[in-house]
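Engineer: Below, each chain spelled out in residue letters.
Number of protein chains: 2
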Amino acid sequence: MKFKVKFYPENKEIEAEQGKSVLAAAISAGLHINSSCGGDGVCGRCKVIIRKGTVHTQPSGRISAEEKAKGYYLACLSTVESDLEVEVPPESKIDLDKISDEEAYLSRLKGIFTESVEIDKAETIIGEELFLHSPLASKIFLELPKPDLEDKISDLERVYREIRKKENLPIMQMGLSNVRRLGNLLRSSDWKITVTLGKRNDTVEVVLVEPGDTQDRSFGFAFDIGTTTISGELINLNTKKILSAKATFNKQASFGSDIITRIIFAHEQDGLERLHHAVIDGMNAMIREMVAENNIDLNDVTCCLCAGNTTMIHLLLKVDPSFIRREPYVPTANFVPVVRASEAGIKINPRGLLACVPGVSGYVGGDITAGVLASGISDAEELSILIDIGTNGEIVLGNKDWLIGCAASAGPAFEGSGVVCGMRATKGAIQRFEIDPKNLKVNYVTIGEVLPIGICGSGYIDIISELLKTHIIDKNGKINTSINDSRIRQGEFGKEFVLVDKKDTGHKQDIVITEMDLDNLKRAKAAIFSATSALVKHLNLSFEDVRKIYIAGGFGTYLDIEKAITIGLLPDLPRKKFVFIGNSSLAGAREILLSVDAFRRADQIAKKTTYFELSVEPGYMDEYVAALFFPHTDKERFPSVIK
Amino acid sequence: MKFKVKFYPENKEIEAEQGKSVLAAAISAGLHINSSCGGDGVCGRCKVIIRKGTVHTQPSGRISAEEKAKGYYLACLSTVESDLEVEVPPESKIDLDKISDEEAYLSRLKGIFTESVEIDKAETIIGEELFLHSPLASKIFLELPKPDLEDKISDLERVYREIRKKENLPIMQMGLSNVRRLGNLLRSSDWKITVTLGKRNDTVEVVLVEPGDTQDRSFGFAFDIGTTTISGELINLNTKKILSAKATFNKQASFGSDIITRIIFAHEQDGLERLHHAVIDGMNAMIREMVAENNIDLNDVTCCLCAGNTTMIHLLLKVDPSFIRREPYVPTANFVPVVRASEAGIKINPRGLLACVPGVSGYVGGDITAGVLASGISDAEELSILIDIGTNGEIVLGNKDWLIGCAASAGPAFEGSGVVCGMRATKGAIQRFEIDPKNLKVNYVTIGEVLPIGICGSGYIDIISELLKTHIIDKNGKINTSINDSRIRQGEFGKEFVLVDKKDTGHKQDIVITEMDLDNLKRAKAAIFSATSALVKHLNLSFEDVRKIYIAGGFGTYLDIEKAITIGLLPDLPRKKFVFIGNSSLAGAREILLSVDAFRRADQIAKKTTYFELSVEPGYMDEYVAALFFPHTDKERFPSVIK
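Protein chains in written order, with my numbering: chain A, 1 to 643; chain B, 1 to 643.
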C-alpha cells in the first residue's frame, strides 16, 4: 500500500510505501534531514512534526514531553501508515556537522574550485572480469512463509532461515534497531521484504530490511580520493553498469597542496574536522548530483567504496594522521574496518556501508592496491611496473610472487593544479597539442571538441614536448626570449608563452604556459622518473628487465607515451612496453565494490607489498636532481629522444 | 601518569590516568552524565565545560561554535591530559530517556516496592564446572613492541597481531570510535594497553582499549529478569566469584501482574517505553548499588548477561512483544543478537555488551534454557523434569536426546506478590513454619533469623501444609471458623488466620494468611502441578518414568519438598527424586556469562527444545480444575499424603 507524504515548508510531495520510515521518505523526496546515528534513534536529530495523518512510532527518550504534545516524532523511528503532512523544523535541517565558517572560508578561494564535472566513463575499463559478482552490499527479495502453529520460529530466525536458503552465510548479524522494527514491518508488508546484506570483513550484516521488492534498486559508489582530485562513479550493483562518473577538486587543497602540509594542518585547532569535511562535503555533493541526474532514490544507495592514499583515508574517517609523518611513519590503520557510511558523514542510505581499500603503509595507500588489482600486475609471471601519476605519485614493481612500492611527492601540476591555466581532464581541456616547427603555428584538440578553457595533464605533456622540439624552451624549461614572436611575453606571473589567443578560447582569456608552470611540471616529472628509476636500481634491475609499464592517472582517455618519454617523465624504452590504463585506483575501487573476492585479493596485495622508503635510499637525491632537465641531464639515458 | 579531575557542581575529585576519557572519569567518580551512543561521539549528550586544564579532544559537529567558545567539549571524545576542573551542565544530567512522569506514577504505588535486597549468594551454586572459563567480555593486557623502521605495521594491525599471539581469533572487529582514539592512546600509554574482547555471537569485537594494565578489574552482571522478581549478581570475571547478589521486585508489576497484561499494556500510548524503563531502571539501580558496595569502578563492568522469559527480554530490549499473544504466538526474536548495553539503556561501561540467553518460543524463554543448562538435565541419559516455579512457571521434560517444555501462568503468589503478607525470600521472611497439632502453637524460622516481617514462597508452602494437617483449613483452602481460636478472625480482606502477632514481628504488624491468599496460592500450585502432569501425559509417560525432578525458583535456600507434595504443588513420588536447585535461571545466566562454551550449549538447548502448547491440549483444563484442591480432587494421586 502506498501513501502520499507531503513535506513542509518545502511543499514536496512523494509517494511512500506503508511501513517506510519518515526519514527514508524525506531522503526519497530529496530533502535533507539531520541524522548521524544511521537511523537507530540514538542521535535524536531527525525530529519532525506530524501535522496530519498516522505514523507508527517507536518510543524514544529523545522527544521531551512538551515536544510530544506538539506532535514531534523522530523521523527514523516513525513509519508511514496513512497519507501524511510532515513539517521539518529548521533545527532538523541545519547541518551542525558542517563547520559554520567553512563555506565562508572556502568561498574566498572561489575560482580554483569549479563544480564537479563529468568524466569519461570508458576511461577506466580495462582487463577482463576476474572476480565473481558479489557486491559489498546486495539486496535479496524474500517471500517468507507466514508463521502458523506448525512453523512458529521467531521473526528474526525466519528471516535468517530464508536468507540461508539462498546464500551460505554461517555468521549473520543484525543491529537492535532493525530487530525493533522487524515485527511490524514483516506483518505490514505481508511477509514480503527485501533485505540488504552488507559484507563487513568476514561477517555479513543484515543492514536493511525494507517492505516489498526493492531488489532492482541497488546502487553503490566507487571513489578515488586523490590529494588533488576526487573521482567518483555511481554503479548499478546488479548490472555492474557505471551510471555516472564525475571528478571534482579535493577542497582540502585550500589547506595545503600535498599530504605533508595537510597532516600538519590536521594538528591545528579544528584542522582535522575541516579537512574531514572538505573531503566528505565534496563527496556528498557528487553523490547528490549523480543520484539526482539518474533519478535514483538515495535510500537505494547502500554502499560506498573508497580508494585513496593513507592520509586521505585517515582524513575521510576523521582519524588523526599525525603519526604518518613522524618516524617511524606508522599510520593508525592500513586495513580499515568496514563502517556505517553515516559514521564517516557520507550521506547515502543512513545504514549503508563504507569500505576503504587496504593500504600498504603510510605513504603507499589503498589507491595503489586498487591500481595493482586493476592492472593485474600481481597476477603476471613477468615483471611489471605500475606508475600512478598524481600529486602523491606511487610506483609499484613486481609480479605474482612479490611487489614493492614507493611514493613520490610530485605535486599537483599534472592534475592541472598549481599551474596558471591548468584544469582537470574534462570538457574544454587541451589534451593534444602540436606546434608546426616551420611557422610555430599551433594545433590542438580539446576534450569534448569545444573551445579551449585550460590545459590538463596530458595537454601539458604534449605542450612541453612540442616547445622543446621547436626550441621555444630549453632543457631547463626556460623560455627562449631571443625568438621573435609576440606570443613570447612577460605576463603577470613572469615569462610566458601564449598557447591560444583569448579570441579563440571558451572563456575569452589567453591560455598560456609560464616559466613557473614549466618549473612545477619539471619537478613533478623528475619526482616520478627518479622514484621509478631508484626503485628499479634498488633491486639491482634495469628497465630492460621489466616487461610492461602501466601508466595510471587522471589523464582522461589520452596520454601520448612518445611525448611523455620526450619530456623525461617516462624512461626511454620500446614504446610497446607502455600501457596507459587511466584512473586505475578508481577502476580497482569499482571492482572491489562489485566483488568480495576482489576485496580479499586487495587484502592479499596490500599484505604482500613491501614498502620502499625513497628518502633514505642513497643516491636518490642525485637521481632526482639529475632528472630536473627535459628530458634528463644524462642524455644517454634517452637515446631515442636525442635522436 | 595520573591527574586530578574535579567535577562541579558536585565537587567530586578523582584521580584519572592520562588518556582516560572525561566521560569515563565521571563514571569512575560515580557521577551520571547522559550518553546513549556508547561513547562514539554520535549522540552529543555528554557535553561538559572544561574550566581548567588540558584535554585532548576529537572534533565533533555536536558542539556548536558558540558552545566551543564557552569551553564545551564532548566528555566521551575528550581525554584527560592534565589536572582538570570540569563542570557538568544540568542538561547533561537530566536523563531524558526516563519518562518524566514515570516516577510520580510509580510513587503512588509506593509500599509495594521495597529497595533491592541481598540474596544468599550460595543458593544457586549447583553442579560441577562443566564449561571452559571464557567470559562474554575478557580483558587482555598487551605490551606492544614499539614500531620502528623494521616493524612498521599500522597501530590497528599491531594491536590485532598482539592479540592473536595470545588467542586464536580469525575474525576481529573494532568500531570507528576506537580506531579514532587508537593512535594517541597507544603513544600516551607507552604502548601498554588493556583490550577488552567482547564475544558477539561468532565474532570478537575489541570493545575497549584502555591505557595501562586494567586486567585485574574485570566485572560483569548476570540477571534473571522474572515477571515479578529481578535477581542479579555482580561477578568477578577473572575469579568467577559472586561479589554481590540482590533481588528486587520488577516494577513492571504496576502495569500488570502477568505477561499477558503487560503485552496488552505495551500497546498503549508510551506503554512499551514505560515497561522498558521499569525493568532497566530497576536493573540500573541494582547495578549502582552492587558496584558501590564493592568499590568497583563502573567502567570496569564490561558485560551483562540476562535470562528471562521471552516477553521480559522483548521489554528489556524495547522490542514490541505484541505478536507473542496473537496467534500463532510468534516472538520477534528468540535468539537475540549481542548488543551494546547502552543501546538497551543498561548503564555499565558505555561500550559494554549485553547478551540474552536464547529462548525456545514466545512462552518458553531463555530463563528455562538457562535452567536446563544449570540443572544438567540435557546432559543426562535418564529422563528428568525441571519445574521453574515463578509467576510465569515453566516446565521442561527430557534428556540428552530431546527436550520438551511448556509454560504455566501461575501468578506471583509464590514470589510473595499478590498475597497480603508476601515478600521475597530475603531477610525477615518466614521460610519454615510449623503448628503443634496439640495446642496449635506456631513455630517458625525467618531468613537471617530476625523478627519476621512477611512470608516468602517456601514459607507459604509450609504454612498451607501445616494448616491442612491441623484442619485449620480444608482441602478447598477455606478457613474452619468452627475452631475456637482468636487467631481465626475476620480481617480487612476477609477471613484470615493470624500467624504471628504484631508484638512478635519486626514491623509491629500482624502477619496473617487470608482466604484470598489461599485461593491465589491454590491456583498457582494447580497451574504448576497440572502443567507438569499434562506434559508427562502428553508423552504417554508417567511420573514413575522420570528419574529426577529439579525444582527451581526464587525460594531462597530452603524448600520443604515433603510439604510441597502435601499441598499438591509437586507430584507424590519418592522424595529422593526431587532436587531443589534455587534460582536456576540466574545460575545458568552466570555460567553463560563466564563461558562462551556455555553460551553455545544454551543455543543448542534452545534449538533442541520443542514447545508444547498447553492451552490447546485436550484435557488440560480438567487437569487444572482437578488440581484446585489441597492436595488434589483425586486423592489416589497423593497416597502418601492421605496416609
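These are computed hints drawn from the structure, not numbers from a lab.
None of these values were measured; they are calculated from a predicted model.
Keep in mind that the hints are not guaranteed to be accurate.
Copies of the same chain look alike in the list, so a pair counts if it works inside one copy or between any two.
[Unchecked claim] In silico SDA-like pairs for lysine to any residue, Cα to Cα no more than 20 Å straight-line: (1) 441 <-> 493; (2) 47 <-> 64; (3) 548 <-> 538; (4) 68 <-> 50; (5) 152 <-> 325; (6) 152 <-> 616; (7) 47 <-> 61; (8) 400 <-> 577; (9) 152 <-> 603; (10) 93 <-> 8; (11) 548 <-> 637; (12) 12 <-> 399.
Engineer: One pair to classify: residue 548 and residue 637, alpha carbons no more than 20 Å apart. Within, between, both, or neither?
Structural biologist: within (18 Å within a copy, 92 Å between copies)
Engineer: Cα distance capped at 20 Å. Does residue 12 pair with residue 399 within a copy, between copies, both, or neither?
Structural biologist: neither (56 Å within a copy, 63 Å between copies)
Engineer: Between copies, within a copy, both or neither: which fits residue 548 and residue 538 at Cα up to 20 Å?
Structural biologist: within (18 Å within a copy, 78 Å between copies)
Engineer: Are the CA atoms of residue 400 and residue 577 at most 20 Å apart within a copy, between copies, both, or neither?
Structural biologist: Within. Shortest intra-copy distance 18 Å satisfies the 20 Å Cα cut-off; inter-copy 70 Å does not.
Engineer: Can you give me the call for residue 47 and residue 64, within, between, both or neither, at a CA distance of at most 20 Å?
Structural biologist: both (11 Å within a copy, 18 Å between copies)
Engineer: At 20 Å max between alpha carbons, let me know whether residue 152 reaches residue 603 within a copy, between copies, both or neither.
Structural biologist: Close across copies (17 Å), not inside one copy (42 Å); limit 20 Å.
Engineer: With identical chains, the pair residue 152 and residue 616 could be close in the same copy or across copies; at 20 Å between alpha carbons, which is it: within, between, both, or neither?
Structural biologist: between (67 Å within a copy, 15 Å between copies)
Engineer: What label fits residue 93 with residue 8 when the C-alpha limit is 20 Å: within, between, both, or neither?
Structural biologist: within (12 Å within a copy, 34 Å between copies)
Engineer: Between residue 152 and residue 325, at a C-alpha cutoff of 20 Å, which is it: within one copy, between copies, both, or neither?
Structural biologist: Between copies only: 13 Å across, 59 Å inside.
Engineer: Could you place residue 68 and residue 50 in one of the four classes (within, between, both, neither) given a Cα distance threshold of 20 Å?
Structural biologist: Cα proximity of residue 68 and residue 50: one copy only (10 Å, versus 33 Å across).
Engineer: Is it within, between, both or neither when you check residue 441 against residue 493 at 20 Å Cα-Cα?
Structural biologist: Answer is neither; intra-copy 24 Å and inter-copy 114 Å both fail.
Engineer: Could you figure out if residue 47 and residue 61 sit no more than 20 Å apart (CA to CA) within one copy, between two copies, both or neither?
Structural biologist: Both: 12 Å inside a chain and 17 Å across chains, each within 20 Å.
In this structure, the hints that do not hold are numbers 1, 12, in rising order.
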